[in-house]
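There are 2 protein chains.
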Amino acid sequence: MKLSKTSMQAALAMAFLAEQASDQFIQARQVGVHLGVPTDSALKVLQALARHGLIQSQLGRSGGYRLSRPADLITIAQVVEAVRGPIQGRAHLSTSDNKLTREIDILQGLCDKAAITLRAEFDRLTVADLRRTAPVSACVNS
Amino acid sequence: MKLSKTSMQAALAMAFLAEQASDQFIQARQVGVHLGVPTDSALKVLQALARHGLIQSQLGRSGGYRLSRPADLITIAQVVEAVRGPIQGRAHLSTSDNKLTREIDILQGLCDKAAITLRAEFDRLTVADLRRTAPVSACVNS
DNA sequence: GTTCCCCTACTCGGATACACTTTGTCCGAGTATGATCGG
DNA sequence: CCGATCATACTCGGACAAAGTGTATCCGAGTAGGGGAAC
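Line order of the protein sequences matches chains W and U. Under the numbering used here, the first residue of the first sequence carries the number 285, and numbering increases by one thereafter. Under the numbering used here, the first residue of the second sequence carries the number 285, and numbering increases by one thereafter.
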């Protein structure tokens with residue numbers, strides 16, 4: 285399984301916001317500097333996260349972004365789904381007039397099941413876990 | 285999780301070869317017709333499967349392809365890895381000079397773990413299972 | 001009848017063009033804060 | 001001293017170009033089997 289660049293940026297941005305005071309708004313510019321990406325790119329990610337309610341945005345002169353709830357209540361699965369859409373199984377093949385529907389259905393079912401397993405895996409890790417210094421394997425394993 | 289078009293074609297081609305007599309060579313043309321794709325496309329898939337030893341190829345006038353071992357000894361994971369490369373976790377982000385290495389490592393570990401889980405899921409289903417008429421959920425669940 | 005040669009049908013492997021997804025960048029519009037100006 | 005107005009700094013949302021990945025198609029080269037001709 286691979287995490288796209290955008291997903292990584294989203295997770296790292298969330299970790300960055302988690303470091304700040306909970307009542308302070310952080311500007312997209314600062315997030316971009318921290319991630320080493322242009323402000324526009326950071327903005328895209330932050331906007332997606334805000335649309336899904338993971339962070340709050342403040343308009344105006346002293347605006348910015350902050351977490352909408354404690355970091356340990358936000359899972360990586362939620363972050364990834366905010367920027368990549370729902371984690372779900374898909375079997376890419378035009379279900380043409382062939383009689384292969386049975387095999388395709390079986391493979392589709394396999395994809396669905398794998399997606400559920402995958403999402404559960406990503407749900408075990410929270411944004412707060414990204415801040416811990418100790419190896420996180422135990423958390424994922426538990 | 286999603287299965288690419290190529291992966292689906294590979295799995296369906298394997299299921300098709302599993303239907304044939306075990307000592308009979310099937311031409312790429314026939315596989316293509318069965319899948320509803322051009323012969324060239326089927327050829328690409330079959331060549332990849334042959335390179336990884338999942339099927340045997342016979343050159344010459346009456347050549348073709350056949351399974352190299354019983355269908356119940358070939359898992360979907362092996363088929364997918366033959367055409368898509370190994371199933372492994374990757375965190376797409378340039379590990380620049382930032383001090384984000386800890387967070388990136390944690391996310392990379394999560395990807396690796398997810399990939400292992402995913403591969404195990406795909407290893408539970410064999411090519412022979414694609415031929416069964418009953419729903420295969422039980423197999424995947426067990 | 002036997003042997004040699006050629007012809008055909010197929011696979012092999014790379015190369016190339018196309019399509020789709022992902023990524024990066026830009027622009028106009030809207031909003032809240034602070035400063036300024038007039039009463 | 002107080003309130004209205006303007007300038008500023010930020011977000012919002014869409015649109016668009018660029019890059020990467022996956023997909024489809026084509027071509028020349030090589031190989032095994034069968035048919036035909038010569039002996």
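Any given hint could be a false lead.
Stated by the list, open to error - As a list, the in silico BS3-like pairs of lysine-lysine whose alpha-carbon atoms are at most 25 Å apart:
| hint | chain 1 | residue 1 | chain 2 | residue 2 |
| --- | --- | --- | --- | --- |
| 1 | W | K383 | W | K397 |
| 2 | W | K289 | U | K289 |
| 3 | U | K383 | W | K289 |
| 4 | W | K289 | U | K328 |
| 5 | U | K397 | W | K383 |
| 6 | W | K286 | U | K383 |
| 7 | W | K328 | U | K383 |
| 8 | W | K286 | U | K286 |
| 9 | W | K383 | U | K286 |
| 10 | U | K328 | W | K383 |
| 11 | U | K289 | W | K397 |
| 12 | U | K286 | U | K383 |
| 13 | U | K328 | U | K286 |
| 14 | W | K383 | W | K328 |
| 15 | U | K397 | U | K383 |
| 16 | U | K328 | W | K397 |
| 17 | U | K328 | U | K289 |
| 18 | W | K286 | W | K328 |
| 19 | U | K397 | W | K397 |
| 20 | U | K286 | W | K397 |
| 21 | W | K286 | U | K289 |
| 22 | W | K286 | W | K397 |
| 23 | U | K328 | W | K328 |
The hints are simulated quantities; they were obtained by calculation from the structure and are not laboratory data. It should be emphasised that the depicted structure is a prediction, and the values quoted were computed from it without experimental measurement.
Here's how the hints hold up against the structure:
Annotation: proposed proximity of W:K383 to W:K397 holds, straight-line Cα distance about 23 Å (limit 25 Å). Restraint check: the Cα-Cα separation between W:K289 and U:K289 comes to about 23 Å, which is no more than 25 Å; the hinted pair holds. At most 25 Å may separate the alpha-carbon atoms for a hinted pair to count; U:K383 and W:K289 meet this at roughly 17 Å. The hinted pair formed by W:K289 and U:K328 fails the criterion: a straight-line CA distance of about 30 Å is larger than 25 Å.
As the CA atoms of U:K397 and W:K383 are separated by approximately 37 Å, the hinted pair breaks the 25 Å bound. About 22 Å separates the Cα atoms of W:K286 and U:K383, which keeps this hinted pair within 25 Å; it holds. Between W:K328 and U:K383 the CA atoms are separated by roughly 22 Å; this keeps the pair inside 25 Å, and the hint holds. The suggested pairing of W:K286 with U:K286 holds, with an alpha-carbon distance near 12 Å, which does not exceed 25 Å.
For a cut-off of 25 Å, the pair hint linking W:K383 to U:K286 stands: about 22 Å separates their Cα positions. For a cut-off of 25 Å, the pair hint linking U:K328 to W:K383 stands: about 22 Å separates their Cα positions. Straight-line distance between C-alpha atoms of U:K289 and W:K397 comes to about 18 Å, which keeps the hinted pair within the 25 Å bound. The hinted pair formed by U:K286 and U:K383 fails the criterion: a straight-line CA distance of about 33 Å is larger than 25 Å.
Restraint check: the Cα-Cα separation between U:K328 and U:K286 comes to about 20 Å, which is no more than 25 Å; the hinted pair holds. The straight-line distance between the Cα atoms of W:K383 and W:K328 is roughly 44 Å, outside the 25 Å bound, and the hint therefore fails. Between U:K397 and U:K383 the CA atoms are separated by roughly 23 Å; this keeps the pair inside 25 Å, and the hint holds. In summary, the hint linking U:K328 to W:K397 is not supported, as the alpha carbons are separated by about 28 Å, beyond the 25 Å threshold.
As the CA atoms of U:K328 and U:K289 are separated by approximately 12 Å, the hinted pair is consistent with the 25 Å bound. The straight-line distance between the Cα atoms of W:K286 and W:K328 is roughly 20 Å, inside the 25 Å bound, and the hint therefore holds. Between U:K397 and W:K397 the alpha-carbon distance is near 17 Å, which keeps this suggested pair within the 25 Å criterion. The suggested pairing of U:K286 with W:K397 holds, with an alpha-carbon distance near 11 Å, which does not exceed 25 Å.
With a CA separation close to 18 Å, the supplied pair W:K286 and U:K289 stays within the 25 Å bound. Proximity of W:K286 to W:K397 is assessed by CA-CA distance (about 18 Å); at most 25 Å being required, the pair is judged to hold. The hinted pair formed by U:K328 and W:K328 fails the criterion: a straight-line CA distance of about 39 Å is larger than 25 Å.
In terms of the numbered hints stated before, the structure departs from hints 4, 5, 12, 14, 16, 23, listed from lowest to highest.
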